[in-house]
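Please build the complete structure, drawing on both the sequences and the hints.
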Amino acid sequence: MTYVAAVFLPLFGALSAGVFGRQLGDRGAEIITTISILISFILSLLVFRDVVQSSAVQTVPLLLWIQSGTLEVVWALRFDTLTAVMLSVVTCVSFLVHVYAIGYMHHDPSIPRFMSYLSFFTFFMLMLITADNLVQLFFGWEGVGLASYLLIGFWYDRPSANAAAIKAFIVNRIGDLGFMLGILTTFILFGSICFDPIFATAAVHAGDYVTFLGVEWHIVTVICLLLFIGAMGKSAQIGLHTWLPDAMEGPTPVSALIHAATMVTAGVFMVARMSPLFEYSPTALTVIAIVGASTAFFAATVACVQSDIKRVIAYSTCSQLGYMFFAIGVSAYQAALFHLMTHAFFKALLFLSAGSVIHAMSGEQNMNRMGGIVSRIRVTYVMVWIGSLALSGMPFFSGYYSKDIILEAAFASSSTVGHFSFWMGIAAAFMTAFYSWRLLFMTFHGQTRADEKVMAHVHEAPAVMLIPLLLLAIGALLSGWIGYESFVGQHRESFWGQAITVIAGHNAMTAAHHVPLWVQVAPFVVGIGGILLSYLLYIRVPGLPGLLASVFNRVYQFLLKKWYFDELYNALFVRPAFAIGNGLWKGGDGALIDGIGPDGVAAMSRAFAQRLGHLQSGYVYHYAFAMIVGVTVFVTWITLFHLW
Amino acid sequence: MITDWPLLSLVTFLPLAGAAVILTIRGDDALINRNARNIALLTSTMTFIISLVLWSRFNFDTADFQFVEQRVWLPGLGVTYHMGVDGISLLFVLLSTFLTLLCILSSWHAVTTRVKEYMVAFLVLETMMVGMFCALNLVPFYIFFEGVLLPMFMIIGVWGGTRRVYAAFKFFLYTLTGSVLMLLAMLVMYFTAQTTEIPALMRFTFPEEMQRWLWLAFFASFAVKVPMWPLHTWLPDAHVEAPTAGSVILAGVLLKMGAYGFLRFSVPMFPDASSYFTPLIYALSVIAVIYASLVALVQEDMKKLVAYSSIAHMGFVTIGIFTPTQQALEGALFQMLSHGIVSGALFLCVGVVYERRHTREISAYGGLVHRMPMYALVFMIFTLGSIGLPGTSGFIGEFLVLLGVFQVSSLVALFTATGVVLGAAYMLYLYSRVIFGKLEKPALQGLLDLSKREILVFAPLLLVVLFMGIYPKIFLDVFHTSVSTLLENHKVIHALSEVPALAAP
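Sequence lines, in order, name chains A and B.
Start counting the first sequence at 1; every next residue gets the next number (our numbering).
Start counting the second sequence at 645; every next residue gets the next number (our numbering).
In case anyone wonders, no lab produced these hints; they're calculated from the structure.
Positions of the beta carbon are idealized from the N, C-alpha and C atoms, including for glycine.
Hints should not be assumed to be uniformly reliable.
[Stated by the list, open to error] Computed, partial: chain B to chain A, Cβ under 8 angstroms:
1) P874
2) L938
3) E974
4) I1040
5) L1046
6) S1054
7) P1116
Structure (structure tokens):
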């Protein structure tokens, strides 16, 4: 009961606020959704305690969903350590964001709708992480996509928000196409889409091959790569990342909850969930590591030059997700999930702090029109410090523990791809520190670049927004230290139980604890370097960034335009799709099919009729004509058959 | 006792009786209109209730035809009046009665001219549709199958838009050409098998070469109805000109007749030809999915967009029908039901704003959510159903079809699945242009949200879409036995190994 309630309470909140929003009023909707999530969070902690203590997988079947032939899909909730961790993180951050949103959305005319969407999202996220089979996971997966779509486009008056919402949905759908095909292939191979049978027989099928288009394919690798395409879409990995920066059109609480802490980590969760399968595909793991490392590096480079405060954090999220993936790529699932957890806290903190800044600056998001507000919003300022310290992995903040273990694991895996990931990660760590302090300096320090009207209004956020910030800050400070031993340290085996499978020989996690000293200190050193560089550029010699940008204009433009991904995709896919659509419509349907078909026949019959001198207008005549043709064919046919 | 009643004849001919009663109404216009509406509503409600009785008494464990009625009709030719339903046809009877009821309700105020004739046309249409799904003899089947066209032709031609003549002509030209060929094929079947009974024909084995000719003749008729590419161009025009309720029936039921025909005739009676032509069906369907989706993307008329989306969705259905796996066939059937509900509802959604603004141009709208929040919600849910979001009916059908066809040809599954991405693109693009944005156009300022009657029409559709998505079991249960028997009996299974060229894992 506890288990079911934890998952379904957010749905209850969402439906109440959504359907009875008008009757409940703004305050009523806020209370009912927030309380629902709070209870759900408390229950999640109970679940967490239960599951970690018993270390057994518990399944709660609800209802038969789809049954056709040998396919059987059941609505069921599955609880193991992996689920319990995600459950606690999601409900915790979701609760804090709900509270924060009460303050942040204060002036908005459609508060019930907003609260309803947030709770709705939370419900789908919980369905995703408690799924007991791939199809239910897909249900949650697409559901969070829908919630994300609705929330990105929440301010539907803005064309940019609508465009961003559609883009998010469609780019995700491309990933989902891979996911769906992965599910289908899984069914072919295992005869089931439920986790237990798949995991139980994964080893048996590890050597199966299949021929497709004349090539032999290792079928587990095919499945893993297809599923990973889905993960790439959801978790905004390079190639399918373009929607995430645009998603910042949504209100800031949304960015914190969905596009930083929870939904975008669903890809990481899914791959970790499927670890018993991914472990048997070295190729897939290699691909994941390369994609993750490349994303970590690529997104960090872009984050260094963006001027929209939320976009900087968005690219940062993208980059951090890359870390998680290359950790998975070297079979350090535990490290990936550890970083997922700490990242949820400090990135939500950063986003909500950014929201507080935006709130203070009357909606301004461009850092070029900020600055000089340290003394005006001191609490927020401290929060951004804590978030940035955690993000760039400064000692004893949560990111320090989780990012370092990822880098150490990558190094320790002692494969080429591991070393590639390690060095990409180090480079990204340098840039992470750089852009974090760039953000901090540009936003808070120096002379203000905002106009007087905005400056006159600068004020610290109300308590309802600050308290969630403080709680998240505690998480950003302590979660790494508290979680270290259980997640990735000595107790990791007993903590994770059967939730994660790592096959013999994939010992990056163990080896990570025995890397050379220079590997251990390298992230710290480059981090300090990044901070110093941004101090130099943005505090000591403020003219330098502009100079650098003009000297290295090509590079600067390349980064500013985000490596031209959007331009490329527009030229390759979007415009051709519309052009082809138009061509097929006017040319294919209009000229060709109709021209030869009905219109052609009509013209012919009209000409024929004219010759007969019986020009009639209207369809009755044509009908009759067609009948005549029909009867003629009929008679011919009959004769033919009799001969035959 | 109700068990002894000829339920199928009742459900088939009750609407016709209602139509006859309406024809007898005399009096002034207002009185006629009111009575015509009331009688039509009463009749269609009763018909729907009877069809529910059918469902409740249906035995899921047998593939035999149930509620069978058989009477000698033309003794010399061995033609009988033979009715019965199995797991394949039962739910389409319900779909027809359900949608007809909602159509009559939705036309309450939308139709003001010739109300009497309009209601008569719809009731006659209902008789023809239901009869078509129940008929077990070639002659009544053919009569019902063609009979459907007549009232539909009238509905488009009399209550349609400005270019209705062109649309009606196109509609007729396509369907009639097909029908003539089908009639010929039926004659050949009669001469060969010496029977017009459908169950008997299903057991009869036609020579392989003859199968191919017969298959092609039926294909000409059914492919137009579905419609399959490239025989689809009548559909957008017919939809655009048809009144709202006409579009609902057209998309909801008429398109299903072609698919049903494939399942009732082509697959069981010509199994060898079916597997021989499967690559053709796959190719045309894959083209339909991608082609129609791309064309839908650039439409400027709401109805045309939904019409093209129907073509794409029916592509999934035809792929499923010709894929001899349990999941693909059940998926196709489920997709037919789902599409009937969802596309019908989408046409009703278009009708709602058309009634208010008298235009279907997408660019004439924008920002409707400001004035019509309830409408925005309803439209969103059906949009999601069309996109096939898990939790709506659309997902189950598409997923099962893809799962089924993937076992036969992963390449076909791959191409078909791209329709899922494109579907999201054109539907969300449509939605955002109509519903979102600022409400700037002065003509839209005074729009009213859904009326009570409109809510009454949408509510059941909405519940069905969600229910089918969350608990599809009760629908799938109806299919199981009939579909597995179909697969076993007609040695379609052997075709599994015979689908050439495209076969992969």
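Evaluated hints:
1. P874: The hint holds - P874 (chain B) has a Cβ within 8 angstroms of chain A, the shortest such distance being about 5 angstroms.
2. L938: holds, 4 angstroms
3. E974: holds, 5 angstroms
4. I1040: holds, 6 angstroms
5. L1046: holds, 6 angstroms
6. S1054: holds, 6 angstroms
7. P1116: holds, 6 angstroms
In the structure shown, no violation is registered for any of the earlier numbered hints.
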